[in-house]
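Student: Produce the complete structure using the sequences and hints provided.
Chains A and B, in that order, give the protein sequences.
If you read the first sequence in the working numbering, its first letter stands for residue 2, the second for the next number, and so on.
If you read the second sequence in the working numbering, its first letter stands for residue 6, the second for the next number, and so on.
Hint data in this document are derived by calculation from the structure and do not stem from the laboratory.
Glycine included, each C-beta is placed from N, C-alpha and C at the ideal position.
Do not rely on the hints blindly, as some may be mistaken.
[Stated by the list, open to error] Part of the chain A face toward chain B, derived, beta carbon under 7 Å:
| # | residue |
| --- | --- |
| 1 | ILE29 |
| 2 | ALA32 |
| 3 | PRO43 |
| 4 | PRO125 |
| 5 | TRP150 |
[Said to hold, decoys possible] From chain A, some residues computed to sit far from chain B (all C-beta separations above 10 Å):
| # | residue |
| --- | --- |
| 6 | GLU61 |
| 7 | VAL65 |
| 8 | PHE75 |
| 9 | ALA205 |
| 10 | SER251 |
| 11 | TYR269 |
| 12 | TYR303 |
| 13 | ARG305 |
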Amino acid sequence: MLPTWRSELDRLLAAVRANKQLPGILLIAPAALTMAALLGYPVLFNLWLGFFKKDILLPEWTWVGLDNYVFYMFDQQFWSSFALATLYMLLTMSTQLVLGVGVALLLNEGFRGQLLVRGVALFPYMIPVTLSVILWRWLFNNQYGVVNWALLEWGLIKEPVIWLGPDYIFWSLIVVSIWTYFPFVLISVLARLQTIPPELYEAAKVDGAGPWSRFAHITVPQLRTVLFIIILLRGVWMFTKFDIVWLWGSQSWGAAGEELRILPVYTYHRIFNMFQAGSGAALANIMFMILLIAAFLYFKVYRREETL
Amino acid sequence: MVYLCAALVAFICTAPFLWMASTAFKPPREVLTWPPIILPKNPTLNNFVVLFRDSLFTTFLQNSLVTAFGSTAISITIAVLGAYSLTRYTYRGRNQMATFVLLGYMFPPIVLIIPFFVWFYNMGLTDNYLGLVLAYVAVGLPFAVWLLWAFFQSIPLELEEAAWIDGATRARAIWHVIVPLAIPGVIATSIFTFIVAWNDYLFSLVLMSTDPHKTLTVGLADLLERPTLDWGVIMAAGVLITIPALIFFVITQNYLIKGWGAGAVKG
Numbered sequence: 002m003l004p005t006w007r008s009e010l011d012r013l014l015a016a017v018r019a020n021k022q023l024p025g026i027l028l029i030a031p032a033a034l035t036m037a038a039l040l041g042y043p044v045l046f047n048l049w050l051g052f053f054k055k056d057i058l059l060p061e062w063t064w065v066g067l068d069n070y071v072f073y074m075f076d077q078q079f080w081s082s083f084a085l086a087t088l089y090m091l092l093t094m095s096t097q098l099v100l101g102v103g104v105a106l107l108l109n110e111g112f113r114g115q116l117l118v119r120g121v122a123l124f125p126y127m128i129p130v131t132l133s134v135i136l137w138r139w140l141f142n143n144q145y146g147v148v149n150w151a152l153l154e155w156g157l158i159k160e161p162v163i164w165l166g167p168d169y170i171f172w173s174l175i176v177v178s179i180w181t182y183f184p185f186v187l188i189s190v191l192a193r194l195q196t197i198p199p200e201l202y203e204a205a206k207v208d209g210a211g212p213w214s215r216f217a218h219i220t221v222p223q224l225r226t227v228l229f230i231i232i233l234l235r236g237v238w239m240f241t242k243f244d245i246v247w248l249w250g251s252q253s254w255g256a257a258g259e260e261l262r263i264l265p266v267y268t269y270h271r272i273f274n275m276f277q278a279g280s281g282a283a284l285a286n287i288m289f290m291i292l293l294i295a296a297f298l299y300f301k302v303y304r305r306e307e308t309l
Numbered sequence: 006m007v008y009l010c011a012a013l014v015a016f017i018c019t020a021p022f023l024w025m026a027s028t029a030f031k032p033p034r035e036v037l038t039w040p041p042i043i044l045p046k047n048p049t050l051n052n053f054v055v056l057f058r059d060s061l062f063t064t065f066l067q068n069s070l071v072t073a074f075g076s077t078a079i080s081i082t083i084a085v086l087g088a089y090s091l092t093r094y095t096y097r098g099r100n101q102m103a104t105f106v107l108l109g110y111m112f113p114p115i116v117l118i119i120p121f122f123v124w125f126y127n128m129g130l131t132d133n134y135l136g137l138v139l140a141y142v143a144v145g146l147p148f149a150v151w152l153l154w155a156f157f158q159s160i161p162l163e164l165e166e167a168a169w170i171d172g173a174t175r176a177r178a179i180w181h182v183i184v185p186l187a188i189p190g191v192i193a194t195s196i197f198t199f200i201v202a203w204n205d206y207l208f209s210l211v212l213m214s215t216d217p218h219k220t221l222t223v224g225l226a227d228l229l230e231r232p233t234l235d236w237g238v239i240m241a242a243g244v245l246i247t248i249p250a251l252i253f254f255v256i257t258q259n260y261l262i263k264g265w266g267a268g269a270v271k272g
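Tutor: Here's what the structure looks like:
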């Protein structure tokens, strides 16, 4: 009995040693399994839960088929939160891009103190979102805020603006979001700009190209790929942004009110204020689908432009 | 012109912090004034005293440190093995794995809160370090693999092969040739993974519901919800969080920028 067992084992070990793929698979296995358990499985769980009616805390699951999805098709709040999320994404992203690229081009000019400015610009992005919300809630304070004081001093406004009131809270949120996230664009673009070989510009200069033409024909094409990635990442992250929006509206009326109820906030509201886990899961799935479709279209358009 | 714009950018990025610092050292009667007092006339440390007396600041800090360090250690260990495998071996499914990692990197956390809350609630892992650490690994791991992968790709395979030819075993080649070259990348990745967990608000909000278990981000946000809003104390808390971060950034700025080139950003 024992000898056959031994030879079986030897044969197995030899096969393992001969297998060129095995070590790689063994090394990737922990990462693959962890991600499957913590990302893949939750997605499947959400898909399944979306067909049920379930209280977030109670164990009963009641099959309702597609009812959750049908509900959102006719839910006015869903459509308004979808529209608001899209608006929030487009506004913050376009401003971040313009500001980020603009400042990056400027810093790339090279001057003393460039490193310092770059380091300082990192700051808003690297601090916790809670902290940037706290800083700006104080700056935008309705009664004692410095922003209102400065605007009054310079004569830009005649009376204090209620930045955190229902009329302006969305716009003050836009300002805070841009402040927090534009360094991402700035540093990413700057990192790319600094890898463009200076010879390209020298050669263009020799050929008599002006600054504008150099920008259009050298800088822009060189930035294409990095801009593609930035727009993709920022688009996904701004569309699904929860923390900064939720915190900005976190007075008793703010978070529950309509002014800042973008899609992720509405999802949270369904789950933890109305205790509807099934319905919330359906909403998360819808959001996920929107992202997948948008990303797919985006890749397609980009590919087509590449071939032109 | 360039200098003017650069100064403006620097001002916009730092002014909110300077105002925070100024407010933190003001006595209460100088905080709520109109017009605002730019620099405190009678600087005081009272806000810091009140912060430690009336809030669980040290508890929050401890919770943040434990969960951020714990999740970073787990994520980096698994990610180093995975990234080495992705750059040095060929096998079936490797390209699919790469796509999976990229998707994980872009994954919106809001999608994860329902499954995590439902599971952890049923398993008794809410208000528990382990639950929050698992949530941070879910977010941090694909990010760490993504980054380390970029770093490891920049280490030429030929170096390793040269060591084998010289008669070194694979393990020795890794230890003497690859590890010294990989260390900076691993450090940068660890910093970024740590920051992702440290800055998180959503998972902490959902998974930690009682005060003694909250992390700094949620504990700090709760100060805004108090019936008597004390801006001096809130800003004192802000200063205490910012100063270590500032020192940390100055020390690690080179790593940070290098990491940025490799795509080390999230959120």
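Student: Against each hint, give a clear statement of whether it holds in the structure.
Tutor: The hints, checked one at a time:
1. Given the 7 Å rule on beta carbons, the hint for ILE29 of chain A holds: about 4 Å separates it from the nearest Cβ of chain B.
2. With a cut of 7 Å, the hint placing ALA32 of chain A at the interface with chain B holds, because the nearest CB-to-CB distance is about 3 Å.
3. Look at PRO43 of chain A: its Cβ gets to within about 4 Å of chain B, closer than 7 Å, so that hint holds up.
4. The interface hint given for PRO125 of chain A holds, since its Cβ lies 6 Å from the closest Cβ of chain B, which is under the 7 Å cut-off.
5. About 5 Å separates the beta-carbon of TRP150 of chain A from the nearest beta-carbon of chain B, less than 7 Å, and the hint is met.
6. Once the 10 Å rule is applied to beta carbons, GLU61 of chain A is consistent with being away from chain B; the minimum gap is 13 Å.
7. Distance check for VAL65 of chain A against chain B: the nearest CB is about 16 Å away, which clears 10 Å, and the non-interface claim stands.
8. Here PHE75 of chain A stays apart from chain B, with its beta-carbon at least about 22 Å from theirs, past the 10 Å limit.
9. Non-interface status of ALA205 of chain A relative to chain B is upheld: no Cβ of that chain comes within 10 Å, the nearest being about 21 Å off.
10. Annotated as non-interface, SER251 of chain A brings its C-beta within 10 Å of a C-beta of chain B; the closest such distance is 6 Å.
11. At roughly 7 Å from the closest C-beta of chain B, the C-beta of TYR269 of chain A falls inside 10 Å, breaking its exclusion from the interface.
12. With a least CB separation of 15 Å from chain B, TYR303 of chain A remains clear of the 10 Å interface cut-off, as annotated.
13. The non-interface label for ARG305 of chain A is consistent with chain B: the shortest C-beta to C-beta separation is roughly 21 Å, beyond 10 Å.
Checked against the numbered hints listed earlier, the structure breaks hints 10, 11; every other hint is satisfied.
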